[in-house]
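Following the hints, put chain E in place on chain V, whose structure we already have.
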Amino acid sequence: MAETPQKSIRDYKVPGMGGGRRMADRGKKTEKAKDQKGTFKQMLRYFANEKRAVVLLLFMVTLAVVCGILAPRLQSSAIDAITQRQFTEIPKILGFMAGVYAVSCLAAYLQGRASAYISQRTVKHMRQDLFEKIIQLPVGYLDTHSHGDIMSRMTNDVENVSTTISQSLSSLFSGLLTVFGTVVMMFYLCPPLAALSCTTVLFTVFATKYLSAAMRKTYTKRQSLLGSLNGTVEEMVGGYRTVVAYEKEEQIITDFTEISDDLTKVGIKAEILGGSMGPVMNLINNTGFVIIAAFGGYFALKGSISVGIISAFIVYAKQFGRPVDEIAQVWGQVQSALAGAERVFAIMNEQPEDKSGETKMNELPEDPDIVFENVNFSYVEGQRVLKDFSLQVKPGQKIALVGATGSGKTTVVNLLMRFYKPDSGRILVGGKDIFEINCDSLRDAIAIVLQDTVLFADTVRKNLKYADQEISDEEMIACAKQCHVDSMIRKLEKGYDTELTADASNISRGQQQLLSITRAFISAPRILILDEATSNVDTRTEKRIQDAMVRLMKGRTSLVIAHRLSTIRDADRIVVLDQGRIVETGTHDELLAAGGKYRDLYMTQFAGQET
Amino acid sequence: MLQHLKKYWIFALLAPLFMLGEASMDLLQPTLMSSIVDDGVLGLNNNGVGDLDIVFHMGIRMLLLILFGAVCGIMSGVCANIAAQNFGNDLRKDAFGHIMHFSFAQTDRFTTGSLITRVTNDITQVQNMVQMGIRGFVRTLTLLVGGVICITRLHSSFGGILLVAMPLIILVLYVFLSRVTPQFSVLQNRLDDVNNVMQENVSGNRVVKAYIREAYENERFGKSNEKLVETQLSILLLLNYMTPIMNILLNLSLLAVIYIGGLEAQNWEISPGQVMAAVTYLTQILNALMRMGMFFQNISRGMASAQRVREVIHTEPEIKDGEKTDIPYAGGSVEFRDVSFAYAGREEILSDINLSVKPGETIGILGMTGSGKSSLMQLIPRFYDVTKGSVRIDGVDVREYPLAELRSRVAVALQKSELFHRSIRENIAWGDAEASEEELWKAAGIAQASDFIKGKEEGLDTIVSQSGHSLSGGQKQRVAIARAVLKKAEILIFDDSTSALDLKTESSLYQALKEAYPEQTKLIVAQRIASVKDADRIIVLEDGHIAACGSHEELLESSEIYRDICQSQSGTQQNATESGKGGVANG
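Protein sequence lines, in the order shown, are assigned to chains V and E.
The first sequence begins at 0 in numbering that gives the first Met the number 0 and counts up one residue at a time.
The second sequence begins at 0 in numbering that gives the first Met the number 0 and counts up one residue at a time.
Extracted from the complex, chain V is given alone in its bound form (with noise of 0.2 angstroms):
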């Protein structure tokens, strides 16, 4: 089945906590999102949730924007009343500067406020509900998408729509109230004067799709070779092993200094691009500033301003020179986490697993048997991998899976444990259909250990309690000796209460097999099903875990898949698999006295033992 990933670097990002990336994104292709419309609805209600906030969040950014205009004319007062020697005026328009002020601060404090909290109270709930939709979703779904494309999701898309939508559109609706009022200002003090500021505004669009539009080629192009600089490194740093045991440094470190300087080069052409970015804002602000000083000088000596309009005139032209520049970018970022959260909705969109039957575990027999009734199944359309399965387990019997890598063998496990559906044909437990009993009474039944451990970054009490965490200390303790770990886990640093870091690799691999082994014997289930779970620990251990194995399998219903035949020797029953195909039943003797392909994969095994 799927391989356990390897987690890739490329999919985690510092956490940012969003802003500070304007200047990078320029030129950077804007992605979208195919369903505008549909995600906006969906993300839509996320913030109704949060409908006191947004209200108080708007209503403040219209009150800082309302101060942001109402400061700069008091201000022109203030230079007319100096310039006109009104000196008494002063005072009484600072008073006012100074109460338009006060607004205007609280109202940025709130606005940050009620941004931060909508934010995160949205990520928080957009983050849970992924989570919660991701472990309800089917095995198959995780079998076959990338799982560093689904971390990346909920790493990288969640923090991104909601910190974006939140500051993006509060900064939209700010800023294109401030170029409305500011311009409504400017004509209403001067309309000439405002004319000709608006043609900077012109300069700024222009410089602004046009560099772009040239920065966009580079950009790409520097992220490709970004891209594949990035994954030289993982690889070769990862597999460094492997470069040095083939004496393959000087080669690699060719191949890396290739891509690098190649980097270097468009990374220079693509920056000195984005560089000029600001010197040229620098300039059309400064040209504006000089147009308000000449043309506004101009019409002050013609007298139709005075020199204080000028002074808010250059407040103005900087008020509104900012937000134009700023809203195609923020447009764009608002677009990109609109196609963030349409892969998030996606995943939260994914049908959940289907769960469905009435029938509990506790109205079946205490010892259920198995049946497979003529069962095909195939992972992907036309590749069969059960053909024909039929088989019957009886209550406490022991019945083992041996035959080649890829024969099916773990497939089975994946059917009996509801994880996939069979195409066809029915599997019954204590006579019922599985997918009439209720799906977590049959899993609570079943035990499993696979052949890929899995550990939680937890304590290893934790661990074993996995299954319920009711059980007293005895009773694990109890379990522990019986699959004689108990002594390998009191060695640990801390014993029980060692805590395992992620992929348990504070202990070995063969400790990890042991421990999950472990984890499945505390649970107490009516069927076990190990599947491979002893081929990472050394031999003489395995026996030792038989040992108990066998005293705990005891009228328990057990399915074991093994490719060390010497582990299911004692089984009631071996099933050898051949391409999805039942070729031999029987026992160990039988089967050997048969001669066929289970002789065949004994021979090689003990070929020069048994004669």
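Hint data in this document are derived by calculation from the structure and do not stem from the laboratory.
There are no misleading hints in this set.
Once the Cα atoms are required to be at most 16 angstroms apart in a straight line, the calculated EDC-like pairs of lysine to aspartate or glutamate come out as:
#1 LYS420/V x GLU372/V
#2 LYS226/E x ASP191/E
#3 LYS247/V x GLU404/E
#4 LYS323/E x ASP393/E
#5 LYS92/E x ASP260/V
#6 LYS123/V x GLU218/E
#7 LYS247/V x GLU425/E
Here are some chain V residues the structure puts well away from chain E; computed CB gaps all over 10 angstroms:
#8 LYS33
#9 ALA47
#10 THR61
#11 VAL204
#12 SER471
#13 ILE581
Ideal Cβ positions, reconstructed from N, Cα and C, are used throughout, including at glycine.
Chain E only, in chain V's frame:
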């Protein structure tokens, strides 16, 4: 690290100089504007009669200056870029080259994950810091210092206002940033927690479902999520105080400037144009101050990255080439003399190993997990150096060999088969770049890989995908084995490299290998007796010692541990002994 920048010193020097030009032009604007207002519009020096000529004359001067400023700005960008990107490039290549020459012990110490981040993210961070440092920082600093000078020249009391406002702003910046910065590392940890729970659930989904722990996992995730959001929120809320407080300070200073400007204008000490200029300067200065705060934050992050990169490029590869040349080939003998070995800072894993392997001999190595089998093998190509004693190949201590020479004599198939994201052909050809098509297929054939490779639509040109979905575990192992076989080295080491193969395939593989290269010295580490049964000698390692050594038959006779292993793999005690006798009889 600065040495890397030295090479580009011209650009690194020109960039700030050009930036100085751009920023100075910005600083001149408000002064010119004030003369437009005072002399042009108000005609203060002309008894209140304005002069349109002055207005336009000044306007044109301003335009020229800003054009000059823009050119300076663009040039500064170009220079900063050339300096920073080339610097980054050199640093990256240097770091990568270093890593490729690290010993295994050194890579272990850093961990590969961290090395990857250092070469990719950290270097980009450092590069950005340099670029930003020589541009943005200089610009901000010029605006700040120049602004203060200009505003004080307008009137000394404006300088007084700044004297009060600036320390306050710095204090606010300091207080908030110093409180927020430590929270960022907390944030990183919390984020890791959330990602870990997520990762565990995605890759361990079968276990979660099998134990019906969905609700429990939801709760666990909920807790991590809650904690993460809590931290994030507290950082955001803390930072949220900053803008309004800074705005209050800025606005209060603005009010003070206008107020004092008004008072002074009353005494004819200052003109209205100068008040306007002062207002503009003040905004420039305080904005620069705030940006300065952000710079410090970024630089402290950049410095942390720089430190991590420095650790890499200042670590000297500890395994160095030996001096000896022209070491004669002697068929590939391996000798361990009183070898002891311990991983750095851990207990000894091998003690006093003495073993002599003759050229062409096949040795099987068995032992429990952790008994030191892999460690013993890794000493041969000098992946690690012994802590005591010596390992000799063809009679010469491995430490005396040049590394390339040594490793060309040894081919290793590792426990974890690492394949690269290229075609199967290229992967196998790592063993021998000059190998012909025929040789490639021969190696694949010995590794029992030709059948499945032929079964692939694109045969040898099938790309090994990064996630490994295109090949199964057993197929990957066989490609890795083909690669090792193709190398045709004197000594071939299989470090538990056939664990994913079924027994039939494995035994055909060993058979084919024996037939094709009987003269090769072979060391085979394995778990299963069947894998090593036909070896000339079998070694059983236990707790870092050689517990038994001999052929299968001899060991069945003499070694209890070996019998124990056999029995664990074949069934009953009796069976093992019987089969042992059978074996001897056969032998």
